[in-house]
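Single-letter residue listing:
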Amino acid sequence: MTEAEARQRIRAYIVENFLYMRPDFVFGDDDSLLRKGVFDSLGVVEVLNFIEETWGFSVPQDDVTEANFGTVAHMARYVAFRGAEAV
Amino acid sequence: MCGIAGVARVEGPPPSAEMLGRMAGVLRHRGPDGYGFYFGRRVGFGHVRLAIIDLECGHQPMATEDGALVITYNGEIYNWLELRDELASLGHRFRTRSDTEVLLEAWRAWGCAALDRLNGQFAFAIHDTRGGTVSLARDRFGVRPLYYAEWPAGLAFASECKALFASGLVGAAPDLAGLDETFTWWAPRAPRTAFAGVRQLEPGSWALWRDGRLTVRRWWTPSYAAAPSEPRDALEQLDGLLRSSVALRLRADVPVGAYLSGGLDSAVTSLLAAHASPYQLRTFSIAFDDSTLDERTHQEVVAREVGSAHTVETAGLADIARVFPEVVRHAETPLVRTAPAPMYLLARRVCEQNIKVVLTGEGSDELFLGYDLFKETVVRRFCLRQPDSTVRPRLFDRLYPYLAHDARGGELWRRFFLEAGSPEDALFSHGPRIKMTSRIKEFYAPEVREALAGIDVAEEWRASLPSEFAYWSDLERAAYLEVSVLLPSYLLASQGDRMAMAHGVEGRYPFLDHRLFAFAASLPECSRLKGLREKDILRRWALDRAPAQVTSRAKQPYRAPDAAAFFGPGAPAWVDDLLAPGTVQGAGLFDTGAVAGLVRRCRAGKVTGFRENQALVAVLSAQSWHDSFIRDPLVPRSLPMSGADVVLYEGGRVAPTLEE
Chain S
1 MTEAEARQRI RAYIVENFLY MRPDFVFGDD DSLLRKGVFD SLGVVEVLNF IEETWGFSVP
61 QDDVTEANFG TVAHMARYVA FRGAEAV
Chain E
1001 MCGIAGVARV EGPPPSAEML GRMAGVLRHR GPDGYGFYFG RRVGFGHVRL AIIDLECGHQ
1061 PMATEDGALV ITYNGEIYNW LELRDELASL GHRFRTRSDT EVLLEAWRAW GCAALDRLNG
1121 QFAFAIHDTR GGTVSLARDR FGVRPLYYAE WPAGLAFASE CKALFASGLV GAAPDLAGLD
1181 ETFTWWAPRA PRTAFAGVRQ LEPGSWALWR DGRLTVRRWW TPSYAAAPSE PRDALEQLDG
1241 LLRSSVALRL RADVPVGAYL SGGLDSAVTS LLAAHASPYQ LRTFSIAFDD STLDERTHQE
1301 VVAREVGSAH TVETAGLADI ARVFPEVVRH AETPLVRTAP APMYLLARRV CEQNIKVVLT
1361 GEGSDELFLG YDLFKETVVR RFCLRQPDST VRPRLFDRLY PYLAHDARGG ELWRRFFLEA
1421 GSPEDALFSH GPRIKMTSRI KEFYAPEVRE ALAGIDVAEE WRASLPSEFA YWSDLERAAY
1481 LEVSVLLPSY LLASQGDRMA MAHGVEGRYP FLDHRLFAFA ASLPECSRLK GLREKDILRR
1541 WALDRAPAQV TSRAKQPYRA PDAAAFFGPG APAWVDDLLA PGTVQGAGLF DTGAVAGLVR
1601 RCRAGKVTGF RENQALVAVL SAQSWHDSFI RDPLVPRSLP MSGADVVLYE GGRVAPTLEE
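From first to last, the protein sequence lines are chains S and E.
The first sequence begins at 1 in this note's numbering and counts up by one.
The second sequence begins at 1001 in this note's numbering and counts up by one.
Note that these hints are calculated values from the structure, not bench results.
All of these numbers come straight from a predicted model, not from anything done at the bench.
All the given hints hold, so there is nothing to weed out.
Chain S side only, calculated, beta carbon under 8 Å to chain E, not exhaustive:
#1 21
#2 40
#3 45
#4 46
#5 66
Simulated crosslink set (DSS-like; lysine-lysine; CA at most 25 Å straight-line):
#6 S:36 - E:1606
#7 E:1435 - E:1606
#8 S:36 - E:1435
#9 E:1441 - E:1606
#10 S:36 - E:1441
Just so you know, even glycine gets a beta-carbon here, dropped at the ideal spot from N, CA and C.
Based on the sequences and whatever the hints tell you, model everything.
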């Protein structure tokens, strides 16, 4: 799983789960999802579940920070990092 | 407990028997034991009766002996015996042994000042034939409902909105601001309702209609003045008040049962009722197939301790889905939770067991700071004092262990609470709830967004707060917001009166005795919320009286299954109909594409989180509400004069119908 692939899948998940009621909503991979109002911090939990189920690792509580999960790019980087760690 | 309705006109024909018959007819579930009418020159009343006190002579409407005052009344005045003695000593004579007549004579003796003397739950209308006025009044906490609609030439009122529509004088249309309030904090805030042109009398208010003008005044409002320390005899005071409150609420000429939730509050009311009751108490509980929601083990412990004859109603997903349209029709507002549905099923079971009155533990959480929301307010304030602390927010994990587990805790999860409003905001305590509930608005139709563009319901709420609010503590403010809005508008209405009265069952609330409220509001906060231990003084009182399993148990929020009830095998066909794009578009409340997306995800089993579960219940209930009241309302059937227990005429005496 490359970072680019992770980015694509996470983005698709967010669009499908959080933005189906706002199809015209535009956001970039580096936009803060919380500040943009895509979801609130409880929404991050839903993304976490997706990431854990999709990539088969568990996210420790201390890793659930805005630095790791605040943007699509951050999440993809985290996934790639954890994936590399597993290898 | 009953249903009331009426019409007053400045000019034109008097309200007809057909019209009042229709209004009373749609309220029949509230009063299956009888009905009656009053016909005046400009004013007409209807009444459906649930006979609880003076089964033989308590028929309504009721007039004073001279015919000057006529009342239609829903509720109970618990201290009616004491008031009767007092009035008798002042020379008033009584023809019945009903609290209705006491209320009527109290109004004659003291006018609206009588309200301060009443210990009870009530909504009533009194017509003074001498001045042609109509007075409407509602109890302190809003236990009993009272809706009205005004127009230049008249006024219509009723226990439920559906009776106003049945009059033919009031049309049913959405009040978008009322719906927006529901999708912000669960229910419309009085005087607003979900219907345009329909208002509800605010709890603790009375209104005078004279010459076509209605003037509304408050006669009671919740107030807080915490003492610096707990009085030495606080536990004795609490004991006396609890016993007195329960004893008063056992006054009835029919057996009184009790609800048991498995928590502390209903254990307290049931234990006291069992001690004071002359017969074996009947208790009733709701249980769930879903073990994460079920509390039957705790309920059984209390039932054994109480020594009651206990009945359990088990609510499965299919049961909740099956009754949901009826639940919404009775609630008369969209809902954001399915929690009223199990209460509907429970009341049905109570009715089947021939019990008409039940005590419940409602109100204790508001008085003794039992809700998580109060603890959450304390923790949020604590964290915001040191915003950089990473340790303090970990208290949220302790506060919501089950949520933290599901959410895996973490900084971002905790941040939700910290970013849900500033302590400077009057609605600070309710910030997380408002933030979470408001996610429903993402599904609004564009036209609804546009119509609501200039309306800020939260700002309206802030502007309505009393001046003393500014001097109260965070917790007093939070308690006030709960008692003045959430309690009457949601808990006592959608989850209380409307679900119980759908089956002719009257709920009685010992914790909502105003003396008990005044006592609790005067206690120091630490007597109620000690650290993160809620209802401290009540727990101390219960320590050697209730089972340890209950007194030591942390507060369990009452929850019910949501989206899962409406999809999958056995789901009712009406779900598809109400959520079909054409129906959604027809109602005009939600965006068709957004709802289609939500439905698709529900069908695929992808909706597991709180956010979308809540949205599904909101959309489905709003569609059902629109269907019941606007798209395809039931045609009301008029109750015939020939079946009435009593028919009164202005200037005349009681005219028994059979002799007409």
